[in-house]
Amino acid sequence: MQPDIKWLDDPQVFRVGQLPAHSDHKIYGSEEELEQKESSLCQSLNGVWQFAYSVNPQARPEDFYKTDYNAEGFGEIKVPCHIEMAGYDKIHYINTLYPWEGKVYRRPAYALGADRTESGSFSEADYNPVGSYRKVFDLEEGLRGKRVCIRFEGAEQAVYVWLNGQFVGYAEDSFTPSEFDLTPYIKDENNLLAVEVYKNSTAAYLEDQDFFRFSGIYRDVVLYAKPKLHVEDVWAKPCLTEDLRTGNLDVQLQISSEDAEAEGRVRVILKDQDGQVIEEQNAAAASEVKVAFEPVREVVLWENKNPYLYKLIVLLEDKQGNVTEVASCDIGFRHIEIKDKVILFNGRRLIINGVNRHEWSAEGGRCITMQDMEWDIECFKRNNINAVRTCHYPDQIAWYDLCDRNGIYMMSETNLESHGSWQKFFPEPSWNVPGSVPEWKEVVIDRARTNFETFKNHPSILFWSLGNESYVGDNIEAMQAFFKEKDSSRLVHYEGVIYDRTYEDTVSEVESRMYATPDEIVEYLENEPKKPFILCEYMHDMGNSIGGMKSYIDLLDRFEMYQGGFIWDYIDQAVYAQDKATGNKVLCYGGDFDDRPSNYEFSGNGIVFADRTEKPAIQEVRYYYGLHE
Amino acid sequence: MDCTNKLQVIVGDATIGMRGDGFSYIFSGERAGMESLVQNGKEWLYRAPKPTFWRALTDNDRGCGFALKSGMWIGADCYIKCVGIMVSIDDQPVAVPLAPANNVYGGAVEADRASVTFVYETLTVPETQVTVSYEVYAGGDIHVCVHYAGKEGLPELPVFGMRFIMPTCADRYRYEGLSGETYPDRMAGGVPGVYEIEGLPVTPYLVPQDCNVHMQTKWVEVYRSTTLNNSDKEVKESAIRVRAEDDSDIAFACIPYTSMELENATHQEELPLPRRTVLTVLGAVRGVGGINSWGADVEAPYHISAEKDIDYGFWIDGVKNC
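Top to bottom, those sequences are chains A and Z. Under our numbering, the very last position in the first sequence is 629; numbers go up by exactly one each time. Under our numbering, the very last position in the second sequence is 1322; numbers go up by exactly one each time.
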């Protein structure tokens, strides 16, 4: 397989040689490792890598992936880190408009006709920075002699990967894991991993989130080994009887084998939160294994105030009965449905006391730490925030685990925002993507699929969200159909259907608005409303704000079908930089890096400041979010 | 000094002085306001307090184009004309100008109370008037009464109050009111209590803007241990106390900057070095809003009409050592 730089220009090419998306269950070499939460099957490649920056594809060191390439001219970069935050490229903040506005005339391929391929749009651009990354590594003991894969948990925005001079694959979708099988080329020692990261490709049209525009490998890079038998995917489907007192659990496993025939045994164990075994199911290893547990009587429900988690553990044993892999994931029993046009959660009306949360730190941009995430959860808890929307892309995997453990109701949003293709200065969808353009269908379904497959076992996820501000059309409709076909246990959310209500019955199960005034909400709810109402964004907390929250909270008592919303937003997006006048470390926003065009301080709408101190307005949030649980 | 329980009024040639045990005040025609407020030997005024009509725009103010409608109040905030001064001693009017009428006094006049009233005319089209009266009692208590005359045709106000600029930075302030920074449309979460704030914090919004307002306050005490008096070697913390009238409350902000200083900065680090204390005692506060930041105004009940009168009052406590 040969890489082609033209993939950057073609929305129909978005994953080449990439492993299928699968559940984010953890894998260990033994039960002891599971206890210790230390896996001998995983190896981090984070650290200092060799790096070369090129302003465009033409200027890149094309042969850098070859084992005999002389990389003496390369500099260094930390992985994970945005290329811009490392100082190689300009930091740029812009909201709606595409970042090339006023610099390059571009239209998305096929949006204005099947003949408009826009070839060279990105591959021949004068400005399309390329990060050429090289990392030499030895395999750790636990990975040797096994099948070895690599996972990029986040790389923005188009990535070509080589190992030991051989092309391995290509990935887009900056905010979900991209995995490749390295087995054919891996050695125990002295492996050369080469990664070419392009700042822009056709994915740019779909990743127009209102944020700082970054590129590079900004989340963890992990190698993992697959023992002889390996759990590729877990799809645990906990459900409840109508009285909510008994839990039923079906588990579907996909197991791969090093040999043609999987030989061995699968033990699937359900434990309670304290680690007591409730039941064990056994099966012969096969590529697909399905088990159904006995009903769990007096099941403890998962909910905000008591996020009770059961543990699902899968032991894979070889023919001799040796445990070769242990997989685990947490599950929760809870039920969400719409009944009489009201969203019910565990039988009671759901109230969303939510925030939108971008991953952000003033030091690292969207490269954030476990400590940042734990701080955020504590902040949620002390301020009565019970729900989060992962605006407008999937977050780091650890965030989903934290939300499970802390009872945070999640709207898991797919990585899609294309408002530059229709919102512009005023709504004008003449070249909207994905819209109903056939060539843009598979790429957005793939994004939905990856969101679903990766996070499907997390009890915290109550809603799948199709994306944000991407207008509406056949392709968004197809995303919803995908989610509903795969997962009847959750609701699907999308706001943009309000722009074309002909899709009303097939896009979004809730009436979702952003920044509707209290009067507009009343108007909807008093005129034969079709769906329960939520605000996916409200209370725009830019600077000194959060005035008038009472008018929204009062609606909760007036209308059963008004079910709350997500404040915009959780944390100010601002970046630490050195003040030219004093040398002090100061917080900078759009326009402070000679970046134009920009939306300047519009990136700062958090209820916490960019340095993770609380804004004064948060006491108001705590008060009003404490009124309805 | 003996405790006479009487106020000493010095009818000067250009000022009215009022003295008593532990305090001395000077009201100036030339400065169009109270020029000096000394308690326990410490000066509390840097410049004569004036009415304030402007708050540094919040992001919501900017987004909804508030300045494009109400920008004329910036000028009124910066510059104001004094068009009248009235003085009375124990309710008896005193002729102004003071000289040569003051030749009749053989010394300080003893009184139970005395008052000075300044009438200001705003730099707006149409213009309107603000009347500020200071009534001083023998113990040094000052009752400040402020009247804004509503005028048809004037655009909404961002704020209305009196701005007291103190010569040096405060060490801290205490108040009885609501926790945190509150505004009329954002104070349900404020917990009543007595709060002490170290230093003069400015809420570090990305773009400096109006901040640190405290609604529903019973009293506020500002503590300073520095003065500009070159002969004052004593480092001793002293306080001034402003309190609401009985059965009423005030709003205030206590930060080191005027609204124009905040307004001029695009980042926190552009704010000047803190040098003074700006205590603003507010009679009307506009809400901060929050529906969105690109057009939605603050909700209607939290606007300040400039077409209606605003009346409020507060006390500056005396030294209470009699």
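FYI, nobody ran anything at the bench for these hints, they're computed from the structure. One should not assume that every hint holds.
What the hints assert, rightly or not - From the structure, some residues in chain Z lie toward chain A, with a derived Cβ separation under 7 Å: (1) C1082; (2) G1084; (3) Y1183; (4) P1201.
Said to hold, decoys possible - Derived pair list, reagent style SDA-like, types lysine to any residue, alpha-carbon separation capped at 20 Å: (5) K6(A) with C149(A); (6) K585(A) with E1269(Z); (7) K585(A) with D1090(Z).
We put the CB at the ideal spot given by N, CA and C, even for glycine.
A quick look at each hint next to the structure:
1. Taken as an interface hint, C1082(Z) does not check out: its beta carbon lies about 32 Å from the nearest beta carbon of chain A, beyond 7 Å.
2. Because the smallest distance between the Cβ of G1084(Z) and any Cβ of chain A comes to about 37 Å, over 7 Å, the interface hint for this residue is violated.
3. Evaluation of the Y1183(Z) hint against chain A yields a held restraint, the C-beta minimum of about 6 Å falling below 7 Å.
4. The beta carbon of P1201(Z) comes no nearer than 10 Å to any beta carbon in chain A, farther than 7 Å, and the hint placing it at the interface is violated.
5. The hinted pair formed by K6(A) and C149(A) fails the criterion: a straight-line CA distance of about 26 Å is larger than 20 Å.
6. The hinted pair formed by K585(A) and E1269(Z) meets the criterion: a straight-line CA distance of about 10 Å does not exceed 20 Å.
7. Between K585(A) and D1090(Z) the CA atoms are separated by roughly 58 Å; this puts the pair beyond 20 Å, and the hint is violated.
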